[in-house]
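Protein sequence lines correspond, in order, to chains A and B. The opening position of the first sequence corresponds to residue 1 in our numbering, with each subsequent residue numbered one higher. The opening position of the second sequence corresponds to residue 1 in our numbering, with each subsequent residue numbered one higher.
The hints are simulated quantities; they were obtained by calculation from the structure and are not laboratory data. A quick note: this is a predicted structure, and the numbers were derived from the prediction, not measured. Incorrect hints may appear among the rest.
[Said to hold, decoys possible] Below, simulated BS3-like cross-link-like pairs (lysine-lysine); rule was C-alpha separation at most 30 Å, straight line:
| hint | chain 1 | residue 1 | chain 2 | residue 2 |
| --- | --- | --- | --- | --- |
| 1 | B | Lys226 | A | Lys263 |
| 2 | B | Lys33 | A | Lys263 |
| 3 | B | Lys179 | B | Lys218 |
| 4 | A | Lys281 | B | Lys29 |
| 5 | A | Lys226 | B | Lys29 |
| 6 | A | Lys281 | B | Lys93 |
| 7 | A | Lys218 | A | Lys187 |
| 8 | A | Lys263 | B | Lys258 |
| 9 | B | Lys38 | A | Lys263 |
| 10 | B | Lys281 | B | Lys266 |
| 11 | A | Lys218 | B | Lys93 |
| 12 | A | Lys33 | A | Lys93 |
| 13 | B | Lys281 | B | Lys263 |
| 14 | B | Lys38 | B | Lys179 |
| 15 | B | Lys93 | A | Lys256 |
| 16 | B | Lys50 | A | Lys226 |
| 17 | A | Lys33 | B | Lys218 |
| 18 | A | Lys33 | A | Lys50 |
| 19 | B | Lys93 | B | Lys6 |
| 20 | A | Lys218 | B | Lys50 |
| 21 | A | Lys263 | B | Lys218 |
| 22 | B | Lys258 | B | Lys33 |
| 23 | A | Lys218 | A | Lys179 |
| 24 | B | Lys115 | A | Lys269 |
| 25 | B | Lys258 | A | Lys277 |
| 26 | A | Lys187 | B | Lys266 |
| 27 | A | Lys115 | B | Lys269 |
| 28 | B | Lys269 | B | Lys258 |
| 29 | B | Lys277 | A | Lys90 |
| 30 | A | Lys258 | B | Lys266 |
| 31 | A | Lys33 | B | Lys50 |
| 32 | A | Lys187 | B | Lys33 |
| 33 | A | Lys29 | B | Lys218 |
| 34 | A | Lys179 | B | Lys115 |
| 35 | A | Lys187 | B | Lys269 |
Residue-level listing of the chains:
Protein chains: 2
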Amino acid sequence: MESGFKDTQIEDLTFAIIGMGLIGGSYAKALRKLKVKKILGMDISHGILKACLNSHLIDDMVEEENRQILSTADVVICCVYPSDIVDFVKANKEHLKPGVLITDATGIKGDMSEKIQAELPQGCEFIAGHPMAGRQGSGLAMAAAEIFDGSNYIIVPASHNTEAAIVWLEEFAATLGSKAVVQVNAKEHDEIIAYTSNLPHVLAVALVNSASYDDNTKYFIAGSFKDGTRVADINPELWSDLFLSNRENVVIEIEKYKQQLDKWCKALKENDAEALKDMMKEASVKRRELY
Amino acid sequence: MESGFKDTQIEDLTFAIIGMGLIGGSYAKALRKLKVKKILGMDISHGILKACLNSHLIDDMVEEENRQILSTADVVICCVYPSDIVDFVKANKEHLKPGVLITDATGIKGDMSEKIQAELPQGCEFIAGHPMAGRQGSGLAMAAAEIFDGSNYIIVPASHNTEAAIVWLEEFAATLGSKAVVQVNAKEHDEIIAYTSNLPHVLAVALVNSASYDDNTKYFIAGSFKDGTRVADINPELWSDLFLSNRENVVIEIEKYKQQLDKWCKALKENDAEALKDMMKEASVKRRELY
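Can you build the whole structure from these sequences, using the hints too?
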């Protein structure tokens, strides 16, 4: 692809954000703090776009009648559902700027990158990214520039990606505030995320959905229950999409997790204090490594 | 029992804290903020007591040679391991003030209350309490007055407890900052806590101990994994004690929990988006009720 904008200062770049939800809104707020040249916003809801414009999250709304302004964007960040990115590219490819870099923030990769690149005109490049920077809830109201601070940012290059694009996205992630930027292929990404992201969400939902939950539960909980269920409140539409797109891996992780629970049941039934202590000691060491 | 101190202002009361760990230290800090008359501290470690004295967490150290000052305490709060409370009472009952109220903070009750009361001289009363106010880690260094703010405080009265003692502990819990003070019997307490406290700790330890964890995990996690494993770093000695004292209930809760995971596996294997959404919607509603 053309070296394009990649040596340009971020202050001189125009970004287009597709989907102004929790993640899209957070990119907009972070980009505003970085004083980028211009932020364009696109969303299925005109009301949301209006709200973004009124609160100065974006400088321009990209809508049916003025789609051509998309061609002023050097970078396009897709923050829509995984299944909607290809549709966006198909519908808007003629408005994309030559040399544009398109990236995303979706939690599942598969062969998405190749599918999207196949739709793009010569000179346009799609590179998959996954900022590990969600939070509970959903929607624009939950957006915050701070979600990127100290976060992990996963870059998932495909065979078509240029070194220039990879390096630019690495530097962009660091500029956003990510503390670690790592590269893996799509297969590795989906396998790892099944454990580090999908599984914790399953566990939180399962905890609050246990048959033991009742109206009095709230009077008997402490931090452990609150933390363990914080992400039980997530967007069902988005997450059912994510879970099902990665279902084989998620099932494997749930089965592995159940093996741990079986170790607990065995130790408890056998009144085996040493086995319990060993599991807790192992966990303490590992947990501290996460900092 | 004698009505004793129960109409006395907290500023005029002397407290003795047995065990200056995370919880004992937190009581000391909270009582200091409440400007109580005097705080006595007792601990198996002279060094810890010295540290508490030096940092003005306590006013006096209760040690072998001056045990009699225990008799100046109107209220004794036992913050030692469940199994050690009876031993403390046996070893110190002759130093207890007539009319003294003794309470605890342990996460398991069983028949502890009756056992302790049976050891006490006439006029001394033990009433079981459980502030749902722990936090990760362990030890004096983790102590904080704030752990009680907005917490739940469970009172577990036994047949020997007086109305005056129950009312006093209710008011004391509220004074510490607890937002909800509830009463249940010991059997109910242990059954409920198996779900609301024991289980979340099991789940956190199991998540970080999964076979999928490796040295690179830290680069792929976000808030969901961090929150889901926060309490994986706990005191193995104390918690193996708690888990085993409540093992029948904990096993039941783990089995109930596994039923939820099985529902997830089934929905994922059957590619059943509606089933996933229903579970997530149910969880979102319940999670929001916790606030």
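Hints and how they fare:
Our distance criterion of 30 Å between C-alpha atoms is met by Lys226(B) and Lys263(A), whose separation comes to about 22 Å. Restraint check for Lys33(B) and Lys263(A): not satisfied, since their Cα atoms lie roughly 44 Å apart, outside the 30 Å limit. For the suggested pair Lys179(B) and Lys218(B), the alpha carbons sit about 36 Å apart, so the restraint of at most 30 Å is broken. Between Lys281(A) and Lys29(B) the alpha-carbon distance is near 28 Å, which keeps this suggested pair within the 30 Å criterion.
Straight-line distance between C-alpha atoms of Lys226(A) and Lys29(B) comes to about 24 Å, which keeps the hinted pair within the 30 Å bound. For the suggested pair Lys281(A) and Lys93(B), the alpha carbons sit about 36 Å apart, so the restraint of at most 30 Å is broken. Proximity of Lys218(A) to Lys187(A) is assessed by CA-CA distance (about 40 Å); at most 30 Å being required, the pair is judged violated. Under the criterion of a C-alpha separation no larger than 30 Å, the hint pairing Lys263(A) with Lys258(B) is consistent with the structure, at around 13 Å.
The suggested pairing of Lys38(B) with Lys263(A) is violated, with an alpha-carbon distance near 47 Å, which exceeds 30 Å. Restraint check: the Cα-Cα separation between Lys281(B) and Lys266(B) comes to about 17 Å, which is no more than 30 Å; the hinted pair holds. A hinted pair counts as satisfied when its Cα atoms are at most 30 Å apart, and Lys218(A) with Lys93(B) does not qualify at roughly 37 Å. Among the hinted pairs, Lys33(A) with Lys93(A) is consistent with the structure: their alpha-carbon atoms are about 29 Å apart, no more than 30 Å.
Taking the CA atoms of Lys281(B) and Lys263(B), the gap is about 15 Å. The hint holds against a cut of 30 Å. A hinted pair counts as satisfied when its Cα atoms are at most 30 Å apart, and Lys38(B) with Lys179(B) qualifies at roughly 25 Å. Annotation: proposed proximity of Lys93(B) to Lys256(A) is violated, straight-line Cα distance about 51 Å (limit 30 Å). For the hint pairing Lys50(B) with Lys226(A), the CA-to-CA distance comes to about 35 Å; that exceeds 30 Å, so the pair is violated.
Note on Lys33(A) and Lys218(B): the hinted pairing holds, with a Cα-Cα distance of about 27 Å set against a maximum of 30 Å. Between Lys33(A) and Lys50(A), the direct Cα distance comes to roughly 20 Å. Compliance with the 30 Å bound is thereby established for this hinted pair. For the hint linking Lys93(B) to Lys6(B), the alpha-carbon distance of about 20 Å falls within 30 Å, and the restraint holds. A C-alpha spacing of about 39 Å is found between Lys218(A) and Lys50(B), which places the hinted pair above 30 Å, so the restraint is violated.
Restraint check for Lys263(A) and Lys218(B): the C-alpha separation of about 24 Å stays at or below 30 Å, so the hint holds. Annotation: proposed proximity of Lys258(B) to Lys33(B) is violated, straight-line Cα distance about 44 Å (limit 30 Å). With a CA separation close to 36 Å, the supplied pair Lys218(A) and Lys179(A) exceeds the 30 Å bound. Between Lys115(B) and Lys269(A), the direct Cα distance comes to roughly 25 Å. Compliance with the 30 Å bound is thereby established for this hinted pair.
Restraint check for Lys258(B) and Lys277(A): satisfied, since their Cα atoms lie roughly 22 Å apart, inside the 30 Å limit. With a C-alpha separation of about 23 Å, the suggested pairing of Lys187(A) with Lys266(B) holds against the 30 Å cut-off. For a cut-off of 30 Å, the pair hint linking Lys115(A) to Lys269(B) stands: about 25 Å separates their Cα positions. Note on Lys269(B) and Lys258(B): the hinted pairing holds, with a Cα-Cα distance of about 16 Å set against a maximum of 30 Å.
Between Lys277(B) and Lys90(A) the alpha-carbon distance is near 28 Å, which keeps this suggested pair within the 30 Å criterion. The suggested pairing of Lys258(A) with Lys266(B) holds, with an alpha-carbon distance near 14 Å, which does not exceed 30 Å. Between Lys33(A) and Lys50(B) the alpha-carbon distance is near 50 Å, which puts this suggested pair outside the 30 Å criterion. Restraint check for Lys187(A) and Lys33(B): the C-alpha separation of about 55 Å exceeds 30 Å, so the hint is violated.
With a CA separation close to 26 Å, the supplied pair Lys29(A) and Lys218(B) stays within the 30 Å bound. Straight-line distance between C-alpha atoms of Lys179(A) and Lys115(B) comes to about 54 Å, which puts the hinted pair past the 30 Å bound. Taking the CA atoms of Lys187(A) and Lys269(B), the gap is near 19 Å; set against the 30 Å cutoff, the hint holds.
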